[in-house]
Amino acid sequence: MIRMGKSGERFGIINRWFYEIAPLFFLHLDSSNRVVGTNCFTRRLLGGDVDGKSVEEIFLTFGQPININELKEHPETPQRLNVSTSAGLPESLFFHFIPMGDETLILGSFDVDEHAKLRRELLSINNQLNALTRELQKKNHELEELNQLKNQFLTMAAHDLRKPVSSILNYSEFLIEETEAVLTPEQRGFLNTIYNSTNYMRRLIDDFLDLGMIESGHFDLDLQPTSMEEPLSRSINLSKLNARKRGIGIRVEMEEAIPLTMMDGPKIEQVLNNLIGNAIEHSNSNQEVLIRIARSEKELVVSVIDHGPGLSHEETEKLFLPYQRGRLKKQDGSRSTGLGLAISKKIIEAHGGRIWVERDHGKGATFTFSLPVTGQE
Amino acid sequence: MINENEYRAYLDGMIQGNYKRCEEIVSDFLSRNIEPVELYTGLFQRSLYQVGELWEKNRISVTTEHLATAITERLLAIVYPSILKKFRKRGAGQRAVISCSVNEYHQVGARIVADMLELHGWDVYFLGANTPVNDLLLMIQKTNPNLLGLSLSIYFNMVNFNRVIQSVRSEYSELEIIIGGQAFRWGGADIANKYPRVTYIPALSELAGIL
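Protein sequence lines correspond, in order, to chains U and F.
When we follow our numbering, the leftmost residue of the first sequence carries the number 1, and every step to the right adds one.
When we follow our numbering, the leftmost residue of the second sequence carries the number 1001, and every step to the right adds one.
Hints are not guaranteed to be accurate.
[Stated by the list, open to error] Derived lysine to any residue pairs resembling SDA-like cross-links, with alpha carbons at most 25 Å apart:
(1) F/K1020 - U/I258
(2) F/K1085 - U/Q128
(3) U/K298 - U/G249
(4) F/K1142 - U/A131
(5) F/K1086 - U/K298
(6) U/K138 - F/L1137
(7) F/K1085 - U/E349
(8) F/K1142 - U/L132
In case anyone wonders, no lab produced these hints; they're calculated from the structure.
Please build the complete structure, drawing on both the sequences and the hints.
Next comes the structure, spelled out in structure tokens:
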């Protein structure tokens, strides 16, 4: 307790309120500059009892000694010093060092101006952050609108291009079949180039149309309880010829009792065509593409596994975004539209499923999609 | 519709500084397709007014009031995209600059007005809190708006507010100005009579009437 000698009742009241209530930093140091008295506010601020501690243990001195005697020579002048607080943050206060014989009283208070400045700064930063977020949201919305406009334009252009490109494709195919006897090998080479390039163009157009339809929101699924075997066998039939030509085998591993699943069969077939087609194109001859169908508790899981060159980490991250082509060329040298996996992702997500890839760089890749099994199929 | 129990739960969350609780409530409203205008008036504006009153009556601290405002602004960011999606295309080519005057740090009221104008198809330039007069004048010069909206939340900023209107009026005599905010509950709305083409909007519900 502060040594003030005898005091009356009024002083007792002030004394009690000073020690128990007043939000004022207070330390009483003995002649060796160790704490012999403090109040509740200071204990709360510093996080416990400080009796017996030296001033160096209380103030953040950063290795500089505190010269109490010098500070006591100017008790009226506030000294800015730091203390470490129970909140874990240092706090700057203004202190007065008041001499009392050999002993010292230290009174400290918060820097009100600094607090006001800090509060204003916090408010300003928060306001700026909110205003910027609003502006960013607005810009994002504008970009989305522009993207939709671009998709509309692409879809319209693709739609108008599909018919003439299909005519070129059909007629070039007809010419290849019908003129084998009359054309020179060089001329047949020209025709094949026309056919292959036109075929690529039509795939690109079809992908544009698919993506445009999906992104415009005009993408309705015709969900029916269907066995995965149905789209899978159609897809394998379609890919079989290409696989055989390139000496690649296709094997299916299917668990018993695979349930019917709610799906849009042709759309799932499109996904399978894409995944199996990719697996074949990225495989070398004499390798095998494995298709595994399994059921987990809530999902039907289909994996398409190849043993081709695999994927790098960078490729994996962007693989399902539109217009992303793998860094490694397809083994047959053909070109990809870069849209197939993006479309597959949209189709699977529209079914409430997931699609992902597991890479094994240099040893192949496993593309997997899952469809929810609701138990009502 | 937002029922009274839901509103009370939201207000309690706000006062307790419980952003997550408030966010859950607002997300639930959005999933129920409650119109943004109802959220703005029946939830955000109403609760902010009530928080302001609690602060004025010393029932909550200024920190609690700031925290409640910060929560509201974060939630506005959740609702705002639905405003942009639903209504922005109906724009009538009208432009507005919405701002607070210098030293006014409460921008959420102005933000709500800005969003409401966009809801009505306006192109809005939102300057936010503590905007220096020169910055405001520059923005008016740059965007040539049909309307300037100025918000005032704290009554003791009225002198600054007056000066802002005076500066704008002297440079842009024809520009329509609307003023509003919680500060005018304590007087000062007669400022609208001192200058031509200045209209005081006492409530958000009356904003639609002048658009």
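What are the numbers of the hints the structure violates, in ascending order?
Checked against the structure, the hints that fail are numbers 1, 3, 5, while the rest are satisfied.
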